[in-house]
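K.L.:
Residue strings, one per chain:
Protein chains: 2
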Amino acid sequence: MSNNIIKMAQKAKQASLILATVSSSEKNKALKLMAKALLAKSAYLISENKKDLNAAKKADYAQALIDRLVLNDKRIHEMAECLIDTANLPDLIGETMAVYKRPNGLVIKKVRCPIGVVGIIYESRPNVTSDCIGLCLKSGNSVILKGGKEAVNSNNAIFKVLKDVLKMTKVPAESIQMIASTDRDSMLKMLGLTDYVDLIVPRGGEALIRFVGENSRIPVIKHYKGVCHTYVSHKANLKMAEDICFNAKVQRPGVCNAMETMLVHKQAAKKFLPVMIERFQKAGVEIRGDVKTRAIVKGIKAAQEEDWPTEYLDLILAVKVVDSLKEAIDHINTYGSRHSDTIVTESKTEAEEFFRSVDSACLYQNASTRFTDGYQFGFGAEVGISTDKIHVRGPMGIEGLTSYKYTVYGKGQVRS
Amino acid sequence: MSNNIIKMAQKAKQASLILATVSSSEKNKALKLMAKALLAKSAYLISENKKDLNAAKKADYAQALIDRLVLNDKRIHEMAECLIDTANLPDLIGETMAVYKRPNGLVIKKVRCPIGVVGIIYESRPNVTSDCIGLCLKSGNSVILKGGKEAVNSNNAIFKVLKDVLKMTKVPAESIQMIASTDRDSMLKMLGLTDYVDLIVPRGGEALIRFVGENSRIPVIKHYKGVCHTYVSHKANLKMAEDICFNAKVQRPGVCNAMETMLVHKQAAKKFLPVMIERFQKAGVEIRGDVKTRAIVKGIKAAQEEDWPTEYLDLILAVKVVDSLKEAIDHINTYGSRHSDTIVTESKTEAEEFFRSVDSACLYQNASTRFTDGYQFGFGAEVGISTDKIHVRGPMGIEGLTSYKYTVYGKGQVRS
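Sequence lines, in order, name chains A and B.
For what it's worth, my numbering labels the leading residue of the first sequence as 1, then goes sequentially.
For what it's worth, my numbering labels the leading residue of the second sequence as 417, then goes sequentially.
Don't read these hints as lab results, they were simulated from the structure.
Here the structure is a predicted model, which is why all the values come from computation and not from measurement.
All C-beta atoms, glycine included, are put in the ideal place defined by N, C-alpha and C.
Do not take every clue at face value.
Far from chain B by the CB rule (all over 10 Å, computed), these chain A residues [claimed, not checked]:
(1) Lys7
(2) Leu53
(3) Cys82
Heads up, simulated SDA-like pairs for lysine to any residue below, C-alpha to C-alpha not over 25 Å straight-line [said to hold, decoys possible]:
(4) A/Lys189 - B/Thr610
(5) A/Lys225 - B/Lys525
(6) A/Lys235 - B/Tyr825
(7) A/Lys326 - B/Met424
(8) B/Lys423 - A/Glu306
(9) B/Lys605 - A/Glu214
(10) B/Lys605 - A/Leu188
(11) A/Lys74 - A/Ala62
(12) B/Lys423 - B/Lys583
(13) B/Lys742 - A/Tyr409
(14) A/Lys109 - A/Ile18
(15) B/Lys586 - A/Thr334
(16) A/Lys7 - A/Glu174
(17) A/Lys109 - B/Tyr791
(18) B/Lys427 - A/Thr334
(19) A/Lys167 - B/Arg772
Chain A extracted, bound-state conformation (with noise of 0.2 Å):
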């Protein structure tokens, strides 16, 4: 197996070097006829994903598990939509970034050019198979993918489709691999291969993430958690405020965009919490507060140390008065996940002032973090977020599946 697993990565980076000089409308046909070819095997693909749910069903997990693992018509046209729309971004890959023009007359180009070998690890979502296959493959990189065990059956099909389709393109079909095997040991042997694969990219849950974080001698592009917040400054417009926590809060709170945390100035908690804590109440949010705030709004539960850096995912959220804006700034500098903040304020000084000290990749001012998002920010689609501040910092569109080379012209100039 772990053999195999070499030779794969040996493929791939070959298939890479050709992959890198293909045009933009050979890829864009192959990503095409990928689309294509998902809606017209949608019988085969619905088939093989029926053996995952019923082992899913079988093996009592989650309902929410299996619901994420479903293929669909619905789902299959979806995915064949995402191909389609990564066909339709501009193509990076050649694109002049900088010119450099040197006194000894050396003309030196800092040129886009694809990665390399990308490898992605995920769980259970079966799109994420087509979706990095589109990605990767549009911004010119190989990729291995591994898959979750859960959705083996479903992933192997979409991969078979996807992969017969581009011996009728001039893509490797090289460029395109997917470890079989689910464990651990593979993957192990896989974060291990720096001659072959250049970056790799873990999506699922904070304990795959950290698995491989830990584990991995490739470079990796990441996020452990979202523990974001929202502080509602004395300065703010308090209706506005009060619309953009609820939604920060409550439109999805299983993601990592969505707020954990709470921070008011205490000049605008008493007209603010009680309103705010009522409308969140409602809609069955357990707020866990600090002294000050408990002492604004009674019966709610106290908040302990270990709520500030926590991430609920959950209908739950920490709420703490603050008497400064420098106060929320450090507790966000301290407690938060360096992932999304934001300040609600009509005072552009203010705003600049938290834009400047918070250390996260996305900072609003007067709107929801949930729009920390590729299709959001304008990305087209997305390969993750990154908290890391290397590479790649936020969310991580075909932009950051790329990197540069430095084209240098000259007429015979040497070194003195």
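Assemble the complex: chain A is given as a structure, and chain B must be docked to it using the hints.
P.N.:
Okay, now just chain B, sitting in the frame of chain A:
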């Protein structure tokens, strides 16, 4: 000791949040005061350096290493100059890199910001201490330095002088840190501090860099070695090719951007090789040729398979005759180190094919590989050279020490 390193890293992280908000003029003031202090304290620096030199002589270190260790008035002057040059570079922090206006009215700005805390691990040359402190402060990053044991007194002295200066400035003194211990255990400890250190840059020999790359849990920017090629096409100006090859091999053979293998098209070989090889031999270069090279020039050593991926760092050159541009490209992609490679040709088509297909950081048409260098590229100072494809590739200047954040301006937008 290991608790000390954690505390040091925590202080560096705390300081980085303040440093990120310090103005350009305050940072530049600190850099200029540092330059003055080095000059004012040169007698102290030279006397501390003497201790290292005496120890090195006792330990019978190679003369080349002792040469790199020496601090004298000239070198201290160069260190001061480097700090002033760094002060005079533009400050990239706060720069708006892109603006996206979304249909819902959100305005998303991509704003350049510091990375946070950068760890620099280096060997022997004491000027790295002040150069890297300068580059990190300029780019708003805290820095944790870990130098080699042979320069411990010199490094500590430089560090002390520079740290004292910060007390007179708005740059927090804790933003520069030095790990006093020079053993591998303290390095290992540092390489695991993912909560406080954002990036590691190792500078030194391949053994050090491999140790760091294989043991770090923090992202590492690096290059292991430079196996650089020059390909002389049959469409080359052969006189120009001769000068470029000679410069790339002979001008400074011990560095990573020197040429290690010369590839020559078969149609140019008979005319080019005898003249070129004679010139190399006169300069003391040992030639190791493939069969076809030895058929043209008699009496030279045979190149073995293990010559092709070797970084000699010496007056030795592997030579191979190839049948085509494609064979040259394949050879470089197979045996090269993705560092710097040159094609000598008058044909734009050939050069573009070479640029598109060779998977290296820096590609040249008609110039010496020796130009791969931050100063030569016009990036001001240089932290190092990257053959990775993540974050930064090629010469790493100030820009490579930056990240970005997204600041989003809303008017109450929520996600539906």
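K.L.:
With reference to the structure, classify each hint as holding or not holding.
P.N.:
Comparing the hints with the structure gives:
1. With a minimum CB-CB distance of about 16 Å to chain B, lysine 7 of chain A clears the 10 Å threshold, and the non-interface call stands.
2. With a cut of 10 Å on Cβ distances, leucine 53 of chain A stays outside the contact zone with chain B, its closest approach being about 30 Å.
3. Every C-beta of chain B lies more than 10 Å from that of cysteine 82 of chain A, the closest at about 19 Å, which supports listing it as non-interface.
4. Only pairs whose Cα atoms come within 25 Å are accepted, and lysine 189 of chain A paired with threonine 610 of chain B is accepted, the gap being roughly 23 Å.
5. Note on lysine 225 of chain A and lysine 525 of chain B: the hinted pairing holds, with a Cα-Cα distance of about 23 Å set against a maximum of 25 Å.
6. Proximity of lysine 235 of chain A to tyrosine 825 of chain B is assessed by CA-CA distance (about 16 Å); at most 25 Å being required, the pair is judged to hold.
7. Straight-line distance between C-alpha atoms of lysine 326 of chain A and methionine 424 of chain B comes to about 24 Å, which keeps the hinted pair within the 25 Å bound.
8. Straight-line distance between C-alpha atoms of lysine 423 of chain B and glutamate 306 of chain A comes to about 22 Å, which keeps the hinted pair within the 25 Å bound.
9. A C-alpha spacing of about 15 Å is found between lysine 605 of chain B and glutamate 214 of chain A, which places the hinted pair at or below 25 Å, so the restraint holds.
10. Between lysine 605 of chain B and leucine 188 of chain A the CA atoms are separated by roughly 23 Å; this keeps the pair inside 25 Å, and the hint holds.
11. The straight-line distance between the Cα atoms of lysine 74 of chain A and alanine 62 of chain A is roughly 22 Å, inside the 25 Å bound, and the hint therefore holds.
12. Straight-line distance between C-alpha atoms of lysine 423 of chain B and lysine 583 of chain B comes to about 20 Å, which keeps the hinted pair within the 25 Å bound.
13. Simply put, lysine 742 of chain B and tyrosine 409 of chain A have alpha-carbon atoms about 20 Å apart, close enough for the 25 Å limit, and the pair holds.
14. Distance hint between lysine 109 of chain A and isoleucine 18 of chain A is fulfilled; the C-alpha atoms sit about 22 Å from each other, no more than 25 Å.
15. Note on lysine 586 of chain B and threonine 334 of chain A: the hinted pairing holds, with a Cα-Cα distance of about 22 Å set against a maximum of 25 Å.
16. As the CA atoms of lysine 7 of chain A and glutamate 174 of chain A are separated by approximately 11 Å, the hinted pair is consistent with the 25 Å bound.
17. At most 25 Å may separate the alpha-carbon atoms for a hinted pair to count; lysine 109 of chain A and tyrosine 791 of chain B meet this at roughly 16 Å.
18. For the hint linking lysine 427 of chain B to threonine 334 of chain A, the alpha-carbon distance of about 13 Å falls within 25 Å, and the restraint holds.
19. Restraint check: the Cα-Cα separation between lysine 167 of chain A and arginine 772 of chain B comes to about 23 Å, which is no more than 25 Å; the hinted pair holds.
This entry satisfies every hint, going by the numbered hints stated previously.
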